[in-house]
Each structure stands twice: as structure tokens, then as C-alpha cells.
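> Read off the chains here:
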Amino acid sequence: MARIEFDQIAHAYYPNPKAPSDFALKEINAVWEDGGAYALLGPSGCGKTTLLNVISGLLKPSRGRVLYDGTDVTALPPEKRNIAQVFQFPVLYDTMSVFDNLAFPLKNRGFNRADTIQRVKEVAEILDLTPDLNKKAAGLSADAKQKISLGRGLVRSDVAAVLFDEPLTVIDPHLKWHLRRKLKEIHEQLRLTMIYVTHDQVEALTFADQVILMYEGEIVQIGTPEALFENPQHKFVGYFIGSPGMNFLPCTLEGQAARVDGVTIDLAPETAARGAAAGGVLELGIRPMHLEVHGAAFEGGVPVTVKALEDQGSFKILTAALNGHMIRARVPEGRPVPQHKAWLKFPPSRTKLFADERLVG
Amino acid sequence: MEKWADNRAWYLVLPVFVVVAFSAIIPLMTVVNYSVQDIFGPGNAVFVGTEWFKQMLTDYRLHDALWRQFIFSGLVLLIEIPLGILIALAMPKKGWGVSACLVTLAIPLLIPWNVIGTIWIIFTRPDIGLFGVGINSLGLLDVPFDHTARPSYAWITLMAMEIWHWTPLVALLCYAGLRAIPEAYYQAAKIDGASAWAVFRYIQLPKMRGVLTIAVLLRWMDSFLIYAEPFALTGGGPGNSTTFLSIYLVKLATGQFDLGPAAAFSLIYFLIVLLFCFIFYQALLNVGKGEKIS
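Chains as they are written, first to last, in our numbering: chain A, 1 to 361; chain B, 1 to 294.
Looking at chain A on its own, in the form it has when it is part of the complex (with noise of 0.2 Å):
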């Protein structure tokens, strides 16, 4: 177990970069601490995958250091830095048995036969694969393949830590929420360092404590869920995280307050400071379930348009139109909704502030 250090790392995949777009990791510098759950969360094409890459050695980054407990293991390949790595897909050594297959990697560090044993015992008890332990691991289902690709990724219990690119694609929805919570269970037991790469950010925000999402080759932030969700420090993270993401309206300031198109929307005193002294493009954000609906006006309600209604199930999403701006409110179950005009409610202490897409309060 160790702890892993980015030290301005920058890959780009062609020869001589020059422009940023021409890299695929911009300039990151980044730590994961031992024994953290992490998830790497962002849009397809991202750099996820390439910075996992990076961790594991299987990439050699084109700038910078990769750092293991402060030792610098940038020129060394995978198999010397004792990492571990499951894919997307599950990789499997067809003609061998599942034992086999989990005991490869011991096997090829040359781990005695006793404690191989002992180890592809426990690790096939966690992943239920016990009672095919002897079977042909090519003639198994999909997610039992994958599995097995799990399960040779925690077999060594002294890795520096567990990597997983995405290992959930191929497996059915109620398996994935049992593998997940199986993932989770032996961080919770292993205290293993894991990073886990995913687009999906419910698989993000319940399997990690602390995200990174990432945006064209950049972190944008790195925090826990909450914080992910209640402070997009990034107009990206706001609209990727969330579903459906947070409103943005384009404004401008008037004292302590913001007006976009000749409507004004009161705002935290300390947030108008911070805005007026950022200065730049500015933009209000506010998240839909933070949106207060009525059905009639009140002193401080914005008048809208309602255009559409989505049934979510325990909760109905709102669409609604100010002066051209589409607005997305949540509207709890149970709760009358407006027909046709609706006065939605910015609350102060939710309502945030973006200069240049970057939040300043």
C-alpha cells in the first residue's frame, strides 16, 4: 500500500505536442492517499483512462513524475511497481481453471504454494466464485468473467494499490449495485488504496470518498460527493454532476443582487461581494432540487413559463422558460404543480455565483 503522488504530469499521445489540445492530460498534480476509495469520474474521452494508465505504468507519461510513498517510479514498468489493474472487459486466461487464473499473479512473483492457496481462497469467498474454483474460467457468463478479473486484481494483498478501469460495464444493473457494495466492503476490510475510474457518477459518488472529476484532460475538483454537489467549483461539475444538472443563467450584478434579463434574484451579501470583485463573464447556478415552486406570485418570486413536466417517479422535474432561459426545478412528490405560470424561489443561501465558469461564492 502506498501513497500516490502526481508530480506535474502531462501525457499527450502524439510526438512533439504543442497546443494544450494536443495532450490528453494537462498538467496535473494530484495525491491519492493510502488507503482511500477513489473514484475518477468524467465524460467519455476525459483522460480517465490515460491517468490510470499513468498510476499503473502501463503508460510513461510524456512530462513530469509519478511518485509511490515519495519514491519516483516513472521509469518503471507495471510488473515492478506492484500495482494492480481491472478493465473494462474482463481479461481472462481461457485455457486455464479460475483458480488458476486468480493465482497467476501470485504465481508469477513466485508466492509459495500454501499462502497462494489461502489468498485465491479468501479472494474467491468475497467474490462468491468458490464453487467454480475448478471449472474452466472461458465457459463462465460475463459477469462472472469479470469477477474473476476482479478477483486478480485483489488477490496480492500487498499492492501498492487496486486500479479499476470501468470494471462494471459489462455487468447487469443488479449485479452491478452487488459488486459495488462488494467493492466497497473490502475497502472497508482491506484498507487497500483503490482508484476507480467511471462515467457513471452514481457508481462515483457511492463508491468513493473523495471524486475527481475530471474535464478535456484536467481535474477540476477533487472532493468528497457533498461537497462535488453543494460546491461545483467548475460550471462542468455542476452540469455533469446531478441529474438533471444545475441551472446556469447568464446575469449581472445590482448591488446584492443579480438581475438576468431585467429580473432580479437576491443573492448572499458575501456572494455579490466575492462576484463583483471577481468580475469576468457571470453566471448564477442553482441546482433544480434547490428551486422552490409556487403556483401563485410572492414578494421575491421570479415569474415563468411552464413548458414541460417529467414524471421521475418520487419526484417530478420542472421545465419552465424566463425570458428565453430554460430553468429545471424539482418538484417534490405530493406537491401541486402549476400549470401554465410558476414562481420559483431562488434561495439566497443556494443560489451561487460563476465568474468566467469558475465559482467564486
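It cannot be assumed that every hint is accurate.
[Unchecked claim] No more than 27 Å apart at the CA atoms, straight line, and that leaves these computed lysine-lysine pairs for DSS-like: (1) LYS60/A / LYS121/A; (2) LYS190/B / LYS182/A; (3) LYS94/B / LYS60/A; (4) LYS190/B / LYS80/A; (5) LYS190/B / LYS184/A; (6) LYS18/A / LYS80/A; (7) LYS345/A / LYS316/A; (8) LYS251/B / LYS60/A; (9) LYS94/B / LYS135/A.
None of these hints come from the bench; they were simulated from the model. Computed from a predicted structure; not experimentally measured.
Assemble the complex: chain A is given as a structure, and chain B must be docked to it using the hints.
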């Protein structure tokens, strides 16, 4: 589902049926017809039952040719398959080297059989051939090299010819099989700390099973049916040392005009090839399958 009352769509299969009939079934039936008759001349044939089959099955020259054939095909497989795999493993994976290797490998495959025979006859000639002159000038052989001089020399030349001609096919098939292995397998092997041998044994070889099945079947059939090369080289000699099944068959059929025995021989030959293809196919299909209890 409701059945169609009108089944005229079957007529669309007719062209294929006609082509197959003329290209395979009718000629094969003609051979069957010959194999049970003694033909004295046009319109003068006597039904003899299984006599020709009995005669051919006890023919010692056929037995000799059959053994020779087995040894030859066996050696060819033993050399060509591992050599093909080695070449495929050594080939570059990207860049201009790939095209260069592929074109170089394809050259022997594009040359007609009899031209190959001529090339190798000239190459091994003791008076002007590069190989013949070269090896004789070393002075290591008690009898100077000449492919007609000794059975072993003829065999060496023939094997070299066959291997030179067909190993590229095995290599190309294996290369295609290797290229189809997803990168994740190699990455996982690196993470698991697998040695190069383990990568070959547990990833590359199992993933090449499909192409190797095809390679073994093709090379087995083709080398078992070899004709042009020994015909061009020594015509089956020296002595009978390179008289393989097809050479003997042609001698029997067009040399001695023993159409009945030759037809019976053809059918036996055909069944042997079929039988071995079936055995290889089943063996390769099932290798490494089934449950293992450890």
C-alpha cells in the same frame, strides 16, 4: 408460423446445385463407377465388385507410398507450424516494416507450383545452382550434393521447397491471429507480472487456436496431396524414394492406364484425407476445453 404454399424459391438454389454437380458430384461418381469395373475399352467393361479395392489395399507399393506420405506430411507440419508461429511473433507490429514483411512473405505464395520446382532445381544444381555449388565447395559431403544422387538429398530439397513455399501462409495466418488479440490482454499480463513465455503460453497460443486449426488443416491436406514438386524435381525418384501417393496414383492411372485400380486408389486416398482432416479438426477444437479438476 404459416407455411408457404408456393415453394418456388427453391429454384434459386438450382444454379449452385448444377455447379456443384458438375464440379464435384458427377466426377466423383465417375470414379466410383470406374472403381467397380474392369474396363477393356470403350463400351467394353465388366463389373468386378470390390476386387480393385482388395488389390489396392494389399498393394505393397501403395503401402510404401502411404508411409512416405505420412512421414513427409508429418515432418512438414512439425517444421512449418512452429516456424510460422516464430516468424509471426518476430514480425513488427506497426510502421513500414509491417508492409515490407507482408509483401516479402506473400511472394512464395504467388509463384505457380511448377515454377517453384524449376527455381529449386536450378538453385540446387551441382554445376550452376547457388546452393548445390555452395554446399559442394565446402567438401563436407562424401557424395557430392545432387538431388538425384541420393534419396536423402531429394528429400532435403523437397522439404526445403515445401517449407519455403508454405511457411509464409502459416506465418500470415498466425500474424492475423496475433493482431486480433486486444491490447488489454497484454496490459493485464504486464500487471500480473507474466513472463514472455507465460504471455505466449496463456494468451497468444490459446488466442491463435482458430487460425492454427486452419493452418494445420490446410497444410496437412495440401502436403498430403503434393504432386507438382516431386514431379518437377525427380518424378518420384531416385528409385521410389519420393513417390508419394499422388505420384503413384498418376503413374497407375495415366502411365499404366489401370483405371479400375486407380479409381479404387483415389477413393481410398480421398477417405484418408477426409479422415485425418476430421481428426485434426476435432482435436484442435477440443484442446483445452472441458472441465479440469485440480
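> Starting from the hint list further up, note which numbers the structure goes against and sort them upward.
When the structure is compared with the hints, numbers 1, 6, 8, 9 turn out to be violated.
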